[in-house]
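**Q** One-letter residues, chain by chain:
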Amino acid sequence: MSTEERATKAGRTRPTTMTVATVVAGTVIFLLLAIPLAVQVITAFRGPFLPFGVSSARWSVDNFVTLWGLREDFWAVLGSTAAFVGGSTVLSLLMAFGLAWVTVRTDAPFRRVISLLVIVPFIVPPIVKAQAYLLMLSPESGVLNQLIHLVPGMSEVTIDPYSFSTMIVIQSLTNVTFPYLMIVPILTGMDGSLEESARVSGASWGQTLRRVTLPMLWPGLLGVTVLTFILGLGSLEVPLLFGQESGKSIFALKLWTLISAGAGELPQYGLAAAWGCVFLVITTIAFVIYLRATRDAERRASISGKGFRPTTMKLGGWRIPVLLAILVFTLLTAVLPLFALLWSAITPYPLAFSLDALRTQTQFGAFGEVLADGEFWASLGRTLIIAGGSATIACGAATVLAYGIARSRATGWTRSMDLFASSSVAIPAVIAGFAMFLTFMVINPVIPLAGTIAALVIAYSYRVSIAYRAGYSATLQIRKELEEAAVISGASRLEGFRRIVAPLLAPTVFAVWIQMFILGTNEFTLPAFLATPESRPLSVYMYAMINPRSAQLYAPDQGAAMALIFTLLVFAIGYGLQWLVSLRAIGRASRRVRVVEVASDALAAPPAVEATDAPDTRSVAVQEVRELSRR
Amino acid sequence: MNVRTVRGGTIALAAVGMLLLSSCSSSRSEAPSALEPAADAATGATCDAVEVGAFTRCENFYEDFWPEIDRQMDALYEQAKETDGGRLVVWDWYELAPEVIAEFNARYPDLEIETRGLTYNLPSAVISAEATGGRNTDVLSGSLLSAAAMTDEGYWDEVDWTQFGVPEEFLRLGAPEMLPDSMNGSLMQVNTDRIEAPASLDDLLAPEFEGKVSIANYNPIVFSGYGMAEGEDAMVELIGELKSSGTLQVLEDQNSPLSSGDVPIALNQTLFNPNPSLAARPFDHSGVFAQFSGVNVDAANKPGAMLWALWNAYDPTWLELRMTDERFATTQVPYPGLPSSLFEQATGLMKTNADALLQSIENGAETETEATRDEWIALTNAADAALNG
Numbered sequence: 000m001s002t003e004e005r006a007t008k009a010g011r012t013r014p015t016t017m018t019v020a021t022v023v024a025g026t027v028i029f030l031l032l033a034i035p036l037a038v039q040v041i042t043a044f045r046g047p048f049l050p051f052g053v054s055s056a057r058w059s060v061d062n063f064v065t066l067w068g069l070r071e072d073f074w075a076v077l078g079s080t081a082a083f084v085g086g087s088t089v090l091s092l093l094m095a096f097g098l099a100w101v102t103v104r105t106d107a108p109f110r111r112v113i114s115l116l117v118i119v120p121f122i123v124p125p126i127v128k129a130q131a132y133l134l135m136l137s138p139e140s141g142v143l144n145q146l147i148h149l150v151p152g153m154s155e156v157t158i159d160p161y162s163f164s165t166m167i168v169i170q171s172l173t174n175v176t177f178p179y180l181m182i183v184p185i186l187t188g189m190d191g192s193l194e195e196s197a198r199v200s201g202a203s204w205g206q207t208l209r210r211v212t213l214p215m216l217w218p219g220l221l222g223v224t225v226l227t228f229i230l231g232l233g234s235l236e237v238p239l240l241f242g243q244e245s246g247k248s249i250f251a252l253k254l255w256t257l258i259s260a261g262a263g264e265l266p267q268y269g270l271a272a273a274w275g276c277v278f279l280v281i282t283t284i285a286f287v288i289y290l291r292a293t294r295d296a297e298r299r300a301s302i303s304g305k306g307f308r309p310t311t312m313k314l315g316g317w318r319i320p321v322l323l324a325i326l327v328f329t330l331l332t333a334v335l336p337l338f339a340l341l342w343s344a345i346t347p348y349p350l351a352f353s354l355d356a357l358r359t360q361t362q363f364g365a366f367g368e369v370l371a372d373g374e375f376w377a378s379l380g381r382t383l384i385i386a387g388g389s390a391t392i393a394c395g396a397a398t399v400l401a402y403g404i405a406r407s408r409a410t411g412w413t414r415s416m417d418l419f420a421s422s423s424v425a426i427p428a429v430i431a432g433f434a435m436f437l438t439f440m441v442i443n444p445v446i447p448l449a450g451t452i453a454a455l456v457i458a459y460s461y462r463v464s465i466a467y468r469a470g471y472s473a474t475l476q477i478r479k480e481l482e483e484a485a486v487i488s489g490a491s492r493l494e495g496f497r498r499i500v501a502p503l504l505a506p507t508v509f510a511v512w513i514q515m516f517i518l519g520t521n522e523f524t525l526p527a528f529l530a531t532p533e534s535r536p537l538s539v540y541m542y543a544m545i546n547p548r549s550a551q552l553y554a555p556d557q558g559a560a561m562a563l564i565f566t567l568l569v570f571a572i573g574y575g576l577q578w579l580v581s582l583r584a585i586g587r588a589s590r591r592v593r594v595v596e597v598a599s600d601a602l603a604a605p606p607a608v609e610a611t612d613a614p615d616t617r618s619v620a621v622q623e624v625r626e627l628s629r630r
Numbered sequence: 000m001n002v003r004t005v006r007g008g009t010i011a012l013a014a015v016g017m018l019l020l021s022s023c024s025s026s027r028s029e030a031p032s033a034l035e036p037a038a039d040a041a042t043g044a045t046c047d048a049v050e051v052g053a054f055t056r057c058e059n060f061y062e063d064f065w066p067e068i069d070r071q072m073d074a075l076y077e078q079a080k081e082t083d084g085g086r087l088v089v090w091d092w093y094e095l096a097p098e099v100i101a102e103f104n105a106r107y108p109d110l111e112i113e114t115r116g117l118t119y120n121l122p123s124a125v126i127s128a129e130a131t132g133g134r135n136t137d138v139l140s141g142s143l144l145s146a147a148a149m150t151d152e153g154y155w156d157e158v159d160w161t162q163f164g165v166p167e168e169f170l171r172l173g174a175p176e177m178l179p180d181s182m183n184g185s186l187m188q189v190n191t192d193r194i195e196a197p198a199s200l201d202d203l204l205a206p207e208f209e210g211k212v213s214i215a216n217y218n219p220i221v222f223s224g225y226g227m228a229e230g231e232d233a234m235v236e237l238i239g240e241l242k243s244s245g246t247l248q249v250l251e252d253q254n255s256p257l258s259s260g261d262v263p264i265a266l267n268q269t270l271f272n273p274n275p276s277l278a279a280r281p282f283d284h285s286g287v288f289a290q291f292s293g294v295n296v297d298a299a300n301k302p303g304a305m306l307w308a309l310w311n312a313y314d315p316t317w318l319e320l321r322m323t324d325e326r327f328a329t330t331q332v333p334y335p336g337l338p339s340s341l342f343e344q345a346t347g348l349m350k351t352n353a354d355a356l357l358q359s360i361e362n363g364a365e366t367e368t369e370a371t372r373d374e375w376i377a378l379t380n381a382a383d384a385a386l387n388g
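Here the protein sequences line up with chains A and B, keeping their order. Just so we're aligned, residue 0 is where the first sequence starts under numbering that gives the first Met the number 0, counting upward by one. Just so we're aligned, residue 0 is where the second sequence starts under numbering that gives the first Met the number 0, counting upward by one.
Because the hints were derived from the structure by calculation, they are not lab data. In this text the structure is predicted, and so the values were computed from the model without any measurement. Backbone N, C-alpha and C fix where the C-beta goes; we use that ideal spot for every residue, glycine too. Some clues are possibly wrong.
What the hints assert, rightly or not - Chain B stretches covered by chain A per the calculated footprint, using a threshold of three residues with CB under 8 angstroms from any CB of chain A:
1) 43-55
2) 347-356
Unchecked claim - Partner residues are not named here, just some residues of chain A that face chain B (Cβ under 8 angstroms, in silico):
3) 53
4) 264
5) 265
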């Protein structure tokens with residue numbers, strides 16, 4: 000049998016262990032996504048409160064009839080949500096693209112510092128961030144309005160924190176980091192030769208951006224846009240704190256209001272589920288449109304091989320205005336919110352900032368009280384367990400399934416599974432939280448998970464498609480011949496996956512794990528539906544501290560101190576993990592040099608200089624194949 | 000992947016799902032059990048009654064009633080620690096602070112309390128737990144209005160509190176199984192450094208209050224007392240005018256702008272903010288309501304629930320701490336049927352709140368009763384619609 004025939008056969012008949020692993024991974028993802036959504040649909044058709052176990056539960060379309068009766072309300076919700084989420088998405092993308100461009104493609108000074116500061120808003124839990132903005136924007140006492148009043152001619156200008164437009168800007172500022180983190184690799188990976196050609200041909204930077212750069216980037220940017228939009232759609236925090244008047248028709252707040260009981264009534268879970276179903280259809284349509292729009296994205300791929308390098312734009316006279324713009328951005332997203340939190344932490348109750356208050360009212364006891372608070376450490380521990388556990392489940396299941404699907408022949412089944420595993424990005428967090436909440440209640444008689452840490456781990460894992468898409472793309476970049484060589488050398492498909500593919504995928508998987516971990520540490524929407532005092536993560540405990548509705552737990556100074564300590568901790572953990580990754584990469588690079596030396600002797604490999612330029616993954620693969628060949 | 004395997008797996012999953020769902024269709028057991036006091040109960044004491052608005056105060060409560068209640072509590076404790084492993088689940092409007100639990104455990108160390116704060120979702124959580132087989136709360140709590148769903152669904156277990164020494168006069172506002180434990184009511188919270196509160200909600204329409212007043216979207220009940228006095232139409236019209244004039248803002252967090260002075264009047268209930276510039280003021284046609292505790296028919300530790308309810312409502316050592324120790328300033332104001340000497344020792348925030356609520360009652364505040372409950376609910380929903388759309 001020729002090598003080609005053997006390889007083809009190996010591709011067709013996969014050993015049982017790998018199939019089982021793929022089926023298990025697929026089942027995990029199916030259970031994670033399908034059951035909650037099914038329960039939500041059932042709830043929409045089974046009446047006003049719970050779908051099972053109560054006398055009012057019966058099959059009907061009443062909730063959809065009610066929704067139709069509220070169609071004017073529905074259009075208002077649709078319009079308000081589109082304006083809020085659309086507006087904030089556009090603003091976020093513009094800022095994120097600008098920041099990414101400056102840090103990746105220009106010679107601006109302090110680029111590393113800027114890229115660090117952009118990360119800060121990502122770490123602070125969104126509900127605390129929203130509260131910080133509320134403090135910062137108070138009409139008279141807020142530090143931002145006070146600063147504006149100091150500007151000559153602007154003493155009468157006051158930002159209204161509760162206006163719809165302010166809410167859009169705040170939402171966009173709090174969400175910049177997410178698109179930024181996604182745009183940076185797109186810009187980093189873009190080949191600059193086409194832009195250089197345009198420049199050589201006489202195009203200005205503006206023309207080059209419009210006619211070369213953006214057309215090349217648009218599939219990637221469209222993906223970022225869709226994800227940012229869906230993220231915004233599911234965010235409850237800003238509408239909750241700012242939008243009780245102007246933003247009450249925003250979908251996330253509408254859903255939240257429906258599941259909160261009115262006077263003498265029970266919550267309207269059925270109607271909320273019907274709303275959720277309709278919005279789910281809308282986001283699914285958006286997601287499918289995105290998939291269709293980007294299906295030929297490969298044709299626009301511009302990362303080339305060894306000659307690849309991004310061009311650097313010299314800012315020249317624009318250096319000062321750009322730095323000023325970044326300074327304002329940093330002021331608005333990091334410095335002032337953190338200052339507002341600090342001020343809140345060192346004052347005994349909410350006070351307007353003044354030098355007199357600074358002199359007479361400040362104290363630092365809240366930090367000590369937080370550090371001595373057992374519940375702070377307990378909820379911090381739960382946060383790490385929930386974020387780490389869910390990131391591990393999502394990355395593990397997604398990587399195995401992504402490999403299984405990417406290496407399978409394209410059939411209706413694999414295409415469906417691919418679409419399904421990718422679909423959780425289309426589920427806004429507020430819908431996922433509500434669906435999980437219903438699910439855990441419904442299955443509680445058989446599987447008593449409601450209110451437990453395990454329930455939160457499962458719920459947080461619903462973002463599995465982030466890991467799946469990353470794993471799928473990374474698998475496609477690994478040449479199939481490596482595994483086939485392992486199989487030919489006697490390894491099973493599972494062993495080939497474990498010893499060849501997994502190490503090659505590890506950097507991508509770990510990077511996604513860190514991202515999901517950080518996303519998990521500051522998650523608020525999901526635990527808002529699911530957590531109890533025994534299982535609550537720190538974000539919920541912090542919210543209890545800053546929310547007057549908590550009465551006996553209300554301690555805004557400790558809540559703010561907790562937020563600052565937590566921000567520092569997550570920052571340290573996030574960068575600590577990245578540092579570990581760097582160490583591993585350095586270790587791998589050292590091994591690579593050794594492998595190249597051996598390989599050039601034994602296998603008469605390509606010239607050393609070429610081998611040294613090859614990516615990490617390739618040299619690790621060479622090493623693994625050689626080890627397997629020796630067996 | 001093998002199509003047959005996939006199909007088989009899908010069918011198996013669907014079957015498991017249907018099985019899970021069908022197993023959830025249980026209905027709540029009927030016929031709540033009666034809870035009996037320890038032997039030779041009943042004191043024969045007579046309440047030295049003083050009318051305080053709609054409430055009846057027993058000035059001799061601690062002399063003539065408390066000793067029997069205390070004796071019954073000792074017996075309940077012995078039963079409670081042997082029931083459900085001494086576990087006691089208390090879901091309340093607010094989550095109990097660790098300090099509160101520590102005070103309870105100082106007297107009853109063998110009971111382990113689990114707590115949740117659920118505000119308006121307390122009734123749905125109780126009904127959901129029963130419907131889905133989860134560990135339910137042992138203690139029920141709420142006002143006549145906020146607990147209406149639990150009352151209508153028959154969740155208050157039949158306890159004759161008079162058999163445990165509680166004066167019959169305390170049990171007239173609500174159903175006999177509902178033990179009154181505290182009071183609350185609508186108040187104007189005011190930052191006195193910035194503004195003085197007017198005497199009525201109508202007065203807020205004066206131009207100087209434009210943009211100065213806030214209310215939380217979940218708190219339309221603030222207007223219900225006005226509705227009880229002036230009628231629904233007048234109430235809805237007032238809310239409309241307050242909103243259209245720019246006077247009233249609907250905020251999730253009223254506390255920060257109140258404390259900083261940006262929005263110096265908050266229509267709310269009792270005050271939790273220690274800022275000395277803040278005051279709580281009664282106003283005309285405010286609503287005052289009793290809050291109740293009781294035993295959940297679905298409770299796993301009924302003696303524990305009764306013990307908690309009695310301790311929290313009436314234990315003199317605990318109430319003295321609540322009245323004087325700032326750590327407990329944010330607990331609810333005790334029931335006005337208790338002797339006036341209890342309220343006279345109040346300090347700090349507790350004094351601010353107790354004085355304001357008692358003043359409200361003295362001024363003729365509207366009070367929720369069993370007979371007017373549905374009217375209150377209708378008015379609160381009308382106020383909600385006018386406030387939130």
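**Q** Confirm or reject each hint.
**A** Now the hints, each set against the structure:
1. 43-55: Result for this restraint: violated, n = 0.
2. 347-356: violated (count 0)
3. 53: This interface hint holds because 5 angstroms falls under the 8 angstroms limit.
4. 264: 7 angstroms, holds
5. 265: 5 angstroms, holds
Going down the numbered hints, you'll see the structure goes against 1 and 2, while the others check out.
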